[in-house]
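**Q** Here are the chains, one letter per residue:
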Amino acid sequence: MTAAEAEVLGELRRLRARIPQVTGALAASTDGLVLARDTADADAAEGVAALTAAALGVALRLTDATGQGGFRELLVRGEHGYVATYAAGGSAVLTLLAEPRINVGRLHLEARRSSARIGELVDGALHRRTPQSEPRPAPAPSTTAASLPTRQAIPPLPSHKPKEA
Amino acid sequence: MANTETALKEATTVIDGALGAALVDYSSGMALGTIGGGKDLDLTVAAAGNTDVVRAKVRTMEMLGLKEEIEDILITLGTQYHLIRLLKSRGSNGLFLYLALDKQRANLAMARHQLRKIEAELDV
Numbered sequence: 073m074t075a076a077e078a079e080v081l082g083e084l085r086r087l088r089a090r091i092p093q094v095t096g097a098l099a100a101s102t103d104g105l106v107l108a109r110d111t112a113d114a115d116a117a118e119g120v121a122a123l124t125a126a127a128l129g130v131a132l133r134l135t136d137a138t139g140q141g142g143f144r145e146l147l148v149r150g151e152h153g154y155v156a157t158y159a160a161g162g163s164a165v166l167t168l169l170a171e172p173r174i175n176v177g178r179l180h181l182e183a184r185r186s187s188a189r190i191g192e193l194v195d196g197a198l199h200r201r202t203p204q205s206e207p208r209p210a211p212a213p214s215t216t217a218a219s220l221p222t223r224q225a226i227p228p229l230p231s232h233k234p235k236e237a
Numbered sequence: 041m042a043n044t045e046t047a048l049k050e051a052t053t054v055i056d057g058a059l060g061a062a063l064v065d066y067s068s069g070m071a072l073g074t075i076g077g078g079k080d081l082d083l084t085v086a087a088a089g090n091t092d093v094v095r096a097k098v099r100t101m102e103m104l105g106l107k108e109e110i111e112d113i114l115i116t117l118g119t120q121y122h123l124i125r126l127l128k129s130r131g132s133n134g135l136f137l138y139l140a141l142d143k144q145r146a147n148l149a150m151a152r153h154q155l156r157k158i159e160a161e162l163d164v
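Residue numbers (our numbering), protein chains in the order written: chain A, 73 to 237; chain B, 41 to 164.
Bound-form chain B, shown alone (with noise of 0.2 Å):
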C-alpha cells in the first residue's frame, strides 16, 4: 500500500512522458497532492478545472440513466495527454488520479495501465 505522496511519485516516474500529476478530491475542488508541474502547467488550476470535468461527466451520465461507473477520462491534446482515473477503494470515494503525459513520449496504453496499478496500491 502506497500514501499519496508515494503513489504521485511512482506516477511520474514509472510513466514515460509524465509532465506532472495531482491527487484530487473532488467534491470540493482542492488537491490533496501534486507533483512535477510547473508553469506550463499549473496543477492547482488543473485540479479545480478538471473537478468540473469530472462532475460533468458524473452528472451527465445520471441524467442518460447510465448506472455505471466511470473508471478513466482521456483528454487528447496536440501535445499531451491527461489521463483522469477516479479511485474506487473503500474510504477514497470522490477522488481522481490526474496525469499529464508527453504525448511524444508517452505510451497510452502502458500509461493507463500503470496509472490503474498505482490506483489499486494507493491507501488515502
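One chain only, chain A, in its complex shape (with noise of 0.2 Å):
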C-alpha cells in the first residue's frame, strides 16, 4: 500500500498545516496499527494507533447498542486538549490530537473531510489488492480488536466507491 501509504501522509500534513492547532494526526487501521503518522514521536504514535483500536472497539458497541448505527466519530476532551478519532472509510480511522484552544467545528469539517479522502484511499488500496489472493479472512480476534465486527463495523459513506487502478 506504498503509494496510497503516502497520498494519505500527504492528507494528514494538509489537515495539520489547514489547522495550526492539530499537534498530530495518524491514520490506523481499525485494529489498531498505524498507517501514516505525522508526529513527532513514531512510539507514542503506535500507543495512540492501539488505543483508539480499543477506544473504537468501545465506541461501536455503544453506537450499536444504543441504535446509533454506525461508528463516525469520537471526541476525548482532556484538560490538556482533544483526541479525536473519524471513521475513515471500512477499515481505518483518522486520529487527531489538538490543543485545548482548538475551534472543534472546524475540526470536525476538515476532519471529515480529510477522512472521508483517507478512506477513499485506504479502502481502494484494499480492493486493488485483494483479487490476487483470497478476499481477507476475518481477522483474528486480538486482544484489542475481539469483540469488533471489524469490517462491517464502519459503513462506507454513500459516496465511496472503489477506485480503478
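Among the hints, erroneous ones may be present.
[What the hints assert, rightly or not] 25 Å max Cα-Cα, derived SDA-like pairs, lysine to any residue: (1) K97/B x L148/B; (2) K128/B x E145/A; (3) K107/B x R173/A; (4) K97/B x G153/A; (5) K79/B x E145/A; (6) K97/B x P172/A; (7) K79/B x P172/A; (8) K97/B x E171/A; (9) K97/B x H153/B; (10) K79/B x R144/A.
Note that these hints are calculated values from the structure, not bench results.
Dock chain one against chain two, each of which comes alone in its own frame, and use the hints as you go.
**A** Next comes the structure, spelled out in C-alpha cells:
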C-alpha cells in the first residue's frame, strides 16, 4: 500500500497545515496499526493507534447498543487538549490530537473531509490488493479488537466507491 | 427573556432581509442553535469560520493593548451583510450571534439596532 500510504501522509500533512492547533495526526487501521502518521514521536503514534482501536471497540458497541447506527467519530477532551477519532472508510480511522484552544467546529469540518479522502485511499488500496489473493478472512481475534465486527463495523460513506487503478 | 430558539427566530423574522442566523460558542466553534441558511449558506461552516474571525480580532486587540470589548463586527460582501454580535450578559460570555442579511432588502442601521435588542433579551 506504499503509493496510497504516501497519499495518506500527504493528506495528514495538508490537514495539519490547515489547522495549526492540531498537534498530531495519524491514520490507523481499525485493528490498531499505524498506516501513516504526522507526529513528533513515532513510538507515541503506535501507542495511540493501539489505544484508538481499543476505544473504537467500545465506541462501536456503544453506538450499536444505543441504536445510533455505524461509528462516525469519537471526541475526547482532556485538561490539556483533545483526542478526536473519525471513521475513514471501512477499515481505517483518522486520529488527531489538538490543543485545548482549537476551534472544534472547524476541526470537525476539516477532519470529516480528510477522513473521507483517507477512507477512499485506504479502501481503494485494499480493493486493488485483494483480487490476487483470497478476500481477506475475518481478522483473527486480537486483544484490542476482539469484539469488533471489523469490516462491516464502519459502513462506507454513501459517496464511497472503490477506485480503479 | 428569550431562549436561543426564540431569539434566533426573532432575528430572522423581525429583521428585514435576514438569510440565516446562528448562536455560536467561540471557545469551541460550535453552534448552539441555527436558523435559516440552506445549501447556499451552511451555518455550521459559518459558525466555525466566523469563530476564527472573532478570535483573530480578540487577539489583535490584545496585541494592540486595547482594553476594549468588541460590540459587533460587520462584513460587507457584494450582495450580503454578515453581522457578528458578541454577547455581553452574565453567563453568556464566549458566545456570538451571527446574522447573514441580503444587502438589497436589509437596512443595516435597523438590523444592528434590532440585533442589539435581541441580544439584550437573550438568556442562554
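**Q** Please go over all the hints and tell whether each is borne out by the structure.
**A** Now for the hints, and whether the structure bears them out:
1. K97/B x L148/B: holds (21 Å)
2. K128/B x E145/A: violated (33 Å)
3. K107/B x R173/A: The hint holds at about 22 Å.
4. K97/B x G153/A: holds (23 Å)
5. K79/B x E145/A: holds (24 Å)
6. K97/B x P172/A: holds (19 Å)
7. K79/B x P172/A: violated (31 Å)
8. K97/B x E171/A: holds (20 Å)
9. K97/B x H153/B: holds (22 Å)
10. K79/B x R144/A: Holds: K79/B and R144/A sit about 23 Å apart, inside 25 Å.
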